[in-house]
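J.: Residue strings, one per chain:
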Amino acid sequence: MTTSSEKLKEARRAAVKDSLPIFLPAIPFGFIVGVAIVESVMPSGVGFLTSPLIFAGAAQLALVTLVGTASAAAAVTTAVVINARHVMYSAAMAPAFKGQPRWFRWFGPAFLIDQVFALSIPHADDDPAIFRRYYMTCASVFSIGWIFLTSLGMVFGAVIPEAWQLGYAPAVMFAGLVVMGLDRRPAVVSAVVGASVCFVAIGLPNRSGLLVGAICGVAAGMLVRESADEKSESVTA
Amino acid sequence: MSTTTALFIVGFVGLVTYAMRAGLILTLADRTLPPTLTRGLRNVAPAVLAALTVSLVADPDQANRGVSFAELAGIVVACAVAWRTRNLIATLVAGMLTFWLILAM
Chain A
1 MTTSSEKLKE ARRAAVKDSL PIFLPAIPFG FIVGVAIVES VMPSGVGFLT
51 SPLIFAGAAQ LALVTLVGTA SAAAAVTTAV VINARHVMYS AAMAPAFKGQ
101 PRWFRWFGPA FLIDQVFALS IPHADDDPAI FRRYYMTCAS VFSIGWIFLT
151 SLGMVFGAVI PEAWQLGYAP AVMFAGLVVM GLDRRPAVVS AVVGASVCFV
201 AIGLPNRSGL LVGAICGVAA GMLVRESADE KSESVTA
Chain B
1 MSTTTALFIV GFVGLVTYAM RAGLILTLAD RTLPPTLTRG LRNVAPAVLA
51 ALTVSLVADP DQANRGVSFA ELAGIVVACA VAWRTRNLIA TLVAGMLTFW
101 LILAM
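Quick mapping for you: the protein sequence lines, in order, are chains A and B.
Residue 132 in the working numbering sits at position 132 of the first sequence; the count goes up by one each step and never skips.
Residue 66 in the working numbering sits at position 66 of the second sequence; the count goes up by one each step and never skips.
Treat the hints as calculated values from the structure; they're not laboratory data.
This structure is a prediction, so every number in the text was calculated from the model and none was measured.
Backbone N, C-alpha and C fix where the C-beta goes; we use that ideal spot for every residue, glycine too.
All clues given are correct.
Chain A is faced by these chain B residues, among others (derived, beta-carbon under 10 Å):
| # | residue |
| --- | --- |
| 1 | Leu24 |
| 2 | Leu26 |
| 3 | Ser55 |
| 4 | Asn87 |
| 5 | Leu92 |
Construct all of the structure, not just a fragment, from the sequences and the given hints.
T.: Have a look at this one:
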């Protein structure tokens, strides 16, 4: 069965429309990363390459900042630990890559950032061609936009006044995304436990608190699901 | 820092990041996963994104590791608006306005 071009166009339109509000909070952050690249002890040209090659704002920021203050090994370790959550995204996304062409399986994961993951995971059960179009449209918006933003930051510097506190915007946006994704009880438990454990563990070395919180959240959600199933079984029995 | 060293560092982190993003997609896509695992994977989005939200607010690099009242209030309002409206723009506006208002008080 071939997917009609009309449906593909629709998927692309939806992806652009869904991406825009999520892209907004990335704008000030892109500038911050661009400024940090220029200020880094790393040559700026190489620092710029973090955008296409690493493509993960928080890890880029930590890397270019820490190479100047900590050892290179510590900077690399921190950047890798910050990005380790992508292993979990990769596992969660795997079912959506079933029945996808080889090029997409190899090329698509390069764009598996928080935003692209959050946007496309609700579409994981869509028709493979529709999913692919949706995913790659989000990937294009964020990768082109991100490279452009960090470049602007490098060229124009900190044009967004720090007093506006726009660095807070991504947290608001991700909080909203979490709430909108809460469709089942295990999801609620996962979110609450993930957030709470991360808060308690925030001081752990190499920013590993995020990872510890995330793993505890997933595990807690699994426990709830199983006990809920048992309960419904005993009710029907 | 020499260009070669910097290139090596950036290339290495880029490669490891790609491996972390692609690894399980490439190895698991064709397999049928046990139902327990599939169920667990559905909790990845809420768990990781919630932890990510906290890590963005409670910045360990700040001298004060805690969360300010303005930050907390902004998140709470944003969650409520997201729940009611299912609209991300409305959520962003409400969360930021709350945050700015309390900061200005």
